[in-house]
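Colleague: Using the sequences and the hints given, assemble the complete structure.
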Amino acid sequence: MQIENQFGKIKTVSEAMEYVKDGMTLMIAGFGGVGSSCTLINEIIKKNVKDLTVISIDAGDPDVGPDHIIQNLQVKKLITSHIGATPTTGKLMNEGKLEVEFSPQGTLSERIRAGGVGLGGILTDVGVNTLVEEGKQKIEVGGTTYLLETPLRADVAILYAKKADAFGNLVYDKTARGLNPLMAMAAEVSIVDAEEIVPIGAIDPEDVITPGAFVDIIVHGGGKFKWGWQ
Amino acid sequence: MGMAVKEKMAKRAAEEINNGDIVNLGFGIPQKAIQYIPEGKTVFFHAENGVLGAGQSPEKGKEDENLVDAGCVPITAVPGASYFDSANSFAIVRSGKLDITIMGGLEVSEKGDLANWIVPGAIVPGMGGAMDLAKKTKKVIIIMTHTDKKGNPKIKKECSLPLTAPNCVSLIITDLAVISVEKKGLVLKEIFDTTTVEEVKEKTAADLIIEEPVKVISYE
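Chains as they are written, first to last, in this note's numbering: chain A, 1 to 230; chain B, 1 to 220.
Be careful, since some hints might not be right.
Below, in silico cross-link-like pairs of lysine-lysine (BS3-like), each with a Cα-Cα straight-line distance of 27 Å or less [as the list claims (entries may be wrong)]: (1) A:K136 x B:K111; (2) B:K60 x A:K162; (3) B:K32 x B:K97.
Derived by calculation from the structure, the hints in this document are not laboratory data. The structure presented is a predicted model; accordingly, all values stated were derived computationally and were not measured.
Modeller: See below:
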């Protein structure tokens with residue numbers, strides 16, 4: 001079925017890849033690769049862009065999610081909460097080939113959300129009196145000491161969704177949601193790899209998780225990861 | 001043959017869970033606690049990747065690649081479950097809606113400080129959700145071996161490793177004992193039937209308050 005592309009957002013994968021460039025900041029959605037776009041990650045490896053700053057909840061699992069791009073030495077800095085599920089990132093970090101900035105997972109989520117919703121930062125007491133507070137401004141509100149955590153934005157975000165309509169209204173699938181709705185908001189260009197693309201009106205407005213205003217490009221990649229449990 | 005020690009720790013931890021609790025389980029032994037929830041108790045398991053109401057593993061062949069726990073292992077969802085993004089997942093944590101977190105530990109201090117996210121220069125996995133969970137859950141239960149592989153105590157006056165969160169642990173369950181962290185200090189509540197109070201004291205590098213009689217746990 002031909003889907004009317006009223007907003008011009010539905011593009012081919014190679015058209016979408018024109019936005020991915022050397023030295024940019026890239027948000028890779030997903031949790032351990034669940035909710036990541038396999039096709040777009042593979043295309044980024046093929047294009048072999050370099051010196052990326054990647055923001056992702058974790059480094060992925062071996063060969064799944066961000067791990068593949070990191071293995072291919074395309075990343076100079078990673079902002080994340082966890083790298084323990086794959087050996088590559090820790091190894092590159094220890095060799096001085098990759099800079100890693102750790103943020104507690106809830107804090108990382110809110111920093112991305114802050115970047116996406118136009119806020120200048122967040123205040124959280126998670127990380128107070130730990131290594132996380134180093135170099136951060138402390139602000140006291142109502143007798144509690146908080147850390148000022150700065151917002152995160154990216155040039156491009158890539159994410160998976162179960163369904164997108166031609167405007168970019170998105171529906172996710174179970175635990176393949178993670179940072180996806182937050183990253184869609186926090187990038188100059190958000191690229192959605194939708195399993196299914198449907199006409200405008202085919203998604204009940206009550207079911208929309210990410211409003212199409214936050215989505216710039218919709219592709220259908222169709223790629224599938226090979227999971228550790230398979 | 002008796003129950004394996006890991007199972008005993010998980011079973012003892014599960015006894016802390018009350019009907020209606022919202023609970024987050026860390027990787028490894030804590031996850032085994034799910035098997036020891038008595039029938040008739042309704043518990044909602046929170047997995048920080050975005051589900052409240054995580055259920056048992058699916059049958060082989062019935063896995064759904066988009067329904068996994070925070071260790072990316074396929075799960076099922078129980079009736080009444082919900083899915084959400086990472087911000088809402090940690091909103092549940094930070095707002096204090098989580099009753100219990102059960103996680104592993106590298107060190108716990110006598111004030112209940114927890115270290116479990118980094119061994120500088122050796123193991124640097126990152127904190128994941130551990131800092132949020134440790135700091136904000138109502139009751140933090142740590143399951144760990146009483147000593148490290150070299151026999152050094154992991155319960156100490158002060159943690160030597162970088163902290164996950166200060167003053168956050170409520171209860172420590174080790175392969176030897178159950179110790180509660182209270183205002184007055186560390187209280188030895190129970191020991192497993194494989195040890196003695198003397199051995200526990202010897203392997204703990206902090207003062208233990210002992211209120212006789214110390215209960216002895218025997219699992220068949």
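Colleague: Which hint numbers doesn't this structure obey?
Modeller: none
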